[in-house]
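Got chain V; can you put chain E on it based on the hints?
There are 2 protein chains.
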Amino acid sequence: MGSIQKEALIRCHKEILPYIHRTPILTSKTINRMSKSDIHFKCENFQKGGAYKMRGATNAVLQLTDVQKERGVVTHSSGNFAQALSLAAKNIGIDAFIVMPSTAPQVKKDAVAEYGGTIIECEPTLSAREAAAQKIERETGATFIHPSNDLNVITGQGTAAMELLEALPDLNFIIAPVGGGGLIAGTSLAAHYFGNACKVIGGEPFEVDDAYRSLKSGRIESNETTDTIADGLKTQLGDKSFPIMQQYVDRIIRVTEDEIVNAMRLIWERMKIVVEPSSAVALAAVLSDKDRFAGKKVGIIISGGNVDLKRLPF
Amino acid sequence: MGSIQKEALIRCHKEILPYIHRTPILTSKTINRMSKSDIHFKCENFQKGGAYKMRGATNAVLQLTDVQKERGVVTHSSGNFAQALSLAAKNIGIDAFIVMPSTAPQVKKDAVAEYGGTIIECEPTLSAREAAAQKIERETGATFIHPSNDLNVITGQGTAAMELLEALPDLNFIIAPVGGGGLIAGTSLAAHYFGNACKVIGGEPFEVDDAYRSLKSGRIESNETTDTIADGLKTQLGDKSFPIMQQYVDRIIRVTEDEIVNAMRLIWERMKIVVEPSSAVALAAVLSDKDRFAGKKVGIIISGGNVDLKRLPF
Numbered sequence: 001m002g003s004i005q006k007e008a009l010i011r012c013h014k015e016i017l018p019y020i021h022r023t024p025i026l027t028s029k030t031i032n033r034m035s036k037s038d039i040h041f042k043c044e045n046f047q048k049g050g051a052y053k054m055r056g057a058t059n060a061v062l063q064l065t066d067v068q069k070e071r072g073v074v075t076h077s078s079g080n081f082a083q084a085l086s087l088a089a090k091n092i093g094i095d096a097f098i099v100m101p102s103t104a105p106q107v108k109k110d111a112v113a114e115y116g117g118t119i120i121e122c123e124p125t126l127s128a129r130e131a132a133a134q135k136i137e138r139e140t141g142a143t144f145i146h147p148s149n150d151l152n153v154i155t156g157q158g159t160a161a162m163e164l165l166e167a168l169p170d171l172n173f174i175i176a177p178v179g180g181g182g183l184i185a186g187t188s189l190a191a192h193y194f195g196n197a198c199k200v201i202g203g204e205p206f207e208v209d210d211a212y213r214s215l216k217s218g219r220i221e222s223n224e225t226t227d228t229i230a231d232g233l234k235t236q237l238g239d240k241s242f243p244i245m246q247q248y249v250d251r252i253i254r255v256t257e258d259e260i261v262n263a264m265r266l267i268w269e270r271m272k273i274v275v276e277p278s279s280a281v282a283l284a285a286v287l288s289d290k291d292r293f294a295g296k297k298v299g300i301i302i303s304g305g306n307v308d309l310k311r312l313p314f
Numbered sequence: 001m002g003s004i005q006k007e008a009l010i011r012c013h014k015e016i017l018p019y020i021h022r023t024p025i026l027t028s029k030t031i032n033r034m035s036k037s038d039i040h041f042k043c044e045n046f047q048k049g050g051a052y053k054m055r056g057a058t059n060a061v062l063q064l065t066d067v068q069k070e071r072g073v074v075t076h077s078s079g080n081f082a083q084a085l086s087l088a089a090k091n092i093g094i095d096a097f098i099v100m101p102s103t104a105p106q107v108k109k110d111a112v113a114e115y116g117g118t119i120i121e122c123e124p125t126l127s128a129r130e131a132a133a134q135k136i137e138r139e140t141g142a143t144f145i146h147p148s149n150d151l152n153v154i155t156g157q158g159t160a161a162m163e164l165l166e167a168l169p170d171l172n173f174i175i176a177p178v179g180g181g182g183l184i185a186g187t188s189l190a191a192h193y194f195g196n197a198c199k200v201i202g203g204e205p206f207e208v209d210d211a212y213r214s215l216k217s218g219r220i221e222s223n224e225t226t227d228t229i230a231d232g233l234k235t236q237l238g239d240k241s242f243p244i245m246q247q248y249v250d251r252i253i254r255v256t257e258d259e260i261v262n263a264m265r266l267i268w269e270r271m272k273i274v275v276e277p278s279s280a281v282a283l284a285a286v287l288s289d290k291d292r293f294a295g296k297k298v299g300i301i302i303s304g305g306n307v308d309l310k311r312l313p314f
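For the record, the sequence lines run as chains V and E.
In terms of our numbering, the first sequence opens at residue 1 and continues consecutively.
In terms of our numbering, the second sequence opens at residue 1 and continues consecutively.
Next comes chain V alone, as it looks inside the complex:
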């Protein structure tokens, strides 16, 4: 692994701050009573672009050389990273090429276009996405930025936990959802450098438990099916995020689809905030393993709030 130093996180946070929100930290007495723990929610659903992805995307574009900036950036994503990279690129005045499957919802394409990204459509397969992105790289000279498996991106994602620990230095645990591993890897580094024996735990749906299996087997595992409501967590770990997780993540707690929907409903009804299913996975993990967290001070990263209101699970 290319190791990420404490100084890199500090520098990153300072550099991206003009472009991101320092998001609020909320609490709920009802949820504390139910969980028997003291939970502090870091609300990245209020982040620019509606998700923590803006942190990593901003750090990635800020690290480009002037020559690279002239040629722009390219990624493949149909989710929050597509919007985040478009907005981050726009903020510093460079081009962003976003490869999206032709089947992506119009609302997501509209959001990318609104943030100034150039959409390139492709067939809805991973190989088609990768081929389309490589073609853009060759033709434009744009720099490829992976949504999660990129050290600059991982560093940026770690700044959410940095802010959480700045406000609450004595957290016993931080829980984050696990998809491609960018958020949990960055979070675990932040807890290592800035926490006080703070353990980092990942929440993951049983339906896509590749990270759980990967930490058991010691190699990056895949999902044969991805039948989960947590659409942001279907991707697998990468060779940058996985070694960091192996070193610094305490464990993965798996949750059922019902547990995810119940946790999501609880957050919407009690906290009055709009969060994605992926975000609810972290709370679901705490509620499914109450004894572990009883009496403890727990941080939860609410990863984002970009949901299709026409397709809610309630």
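The set of hints was computed from the structure by calculation and includes no laboratory data.
The reader is advised that the hints may include incorrect statements.
Pairs involving identical chains hold if they fit within one copy or between any two copies, as the list cannot separate such chains.
[Unchecked claim] In silico DSSO-like pairs for lysine-lysine, Cα to Cα no more than 30 Å straight-line:
1. Lys310 - Lys216
2. Lys296 - Lys6
3. Lys90 - Lys310
4. Lys199 - Lys135
5. Lys6 - Lys135
6. Lys135 - Lys69
7. Lys109 - Lys310
8. Lys69 - Lys109
9. Lys6 - Lys216
10. Lys90 - Lys297
All figures in this text were calculated on a predicted structure; none of them were measured in a lab.
Frame of chain V, contents of chain E only:
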């Protein structure tokens, strides 16, 4: 009208503060761009009990004499005031009797019960509700607290606008939804005493435009039908709220059901917060009359966030 003095608002705010949240004020660049104005949302959806009603209910119970406190309070409400009065009464250790129509959703009954209120069910008509409340008054000696047409309640509701003006003394407008008139009356008093030529405007659905017609005719008008999604705004004005509105409310802006749903969707999607349809009426009013608010600094009272997630209009 029994006039409410500036000192009463100041005293009220000081007394209720230990029992309420000083709710946050949020902004949205996207909504500012769309409205061409500078909007500040006072988020009473984050208030205890999920709505501004907690302010007025708390002030009402705090004004009781010791003898009255021993006998508790009674109200009839199937909405947010039922929860608010239950919680306010529980906070100071007195009984709350809540008359609710037998047809009220179980989720609302559960919320009242959770906050310690005693539910008395009645037929779903106004006369049955009033008769049931009067019976409780006679039998228990409990003090009747009206959800909106009560000077202590109106004073309490005005504290949301007080906090808004404390943070933003130079607001040109404050917009609040109009139902029974308690919120808008309190808001208009707060703007009169603490604003700097700050105009207060009510937002009201065309489908229940009794307040609009009442201000035109000079007497309290009724609604023949109440076919609106804004279920908190179906009630009519009272002899306490109406004279204050006549004196201090600049005007009422009426909005269509589509405008309400669109404004609600905008708040959920862009601000990532859960708000009731009634709350969206105020933003809908601003968006339907953009020229009036262009370039102005506008406060909007987000009245509450208690929605049935199973029955969303999206």
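Now for the hints, and whether the structure bears them out:
1. Lys310 - Lys216: neither (38 Å within a copy, 39 Å between copies)
2. Lys296 - Lys6: within (26 Å within a copy, 45 Å between copies)
3. Lys90 - Lys310: within (29 Å within a copy, 38 Å between copies)
4. Lys199 - Lys135: neither (42 Å within a copy, 58 Å between copies)
5. Lys6 - Lys135: Neither way: lysine 6 and lysine 135 sit 36 Å apart in one copy and 69 Å across, limit 30 Å.
6. Lys135 - Lys69: Only inside one copy: lysine 135 and lysine 69 sit 18 Å apart there, 76 Å across copies, limit 30 Å.
7. Lys109 - Lys310: both (16 Å within a copy, 28 Å between copies)
8. Lys69 - Lys109: within (23 Å within a copy, 59 Å between copies)
9. Lys6 - Lys216: within (27 Å within a copy, 66 Å between copies)
10. Lys90 - Lys297: between (38 Å within a copy, 28 Å between copies)
Going down the numbered hints, you'll see the structure goes against 1, 4, 5, while the others check out.
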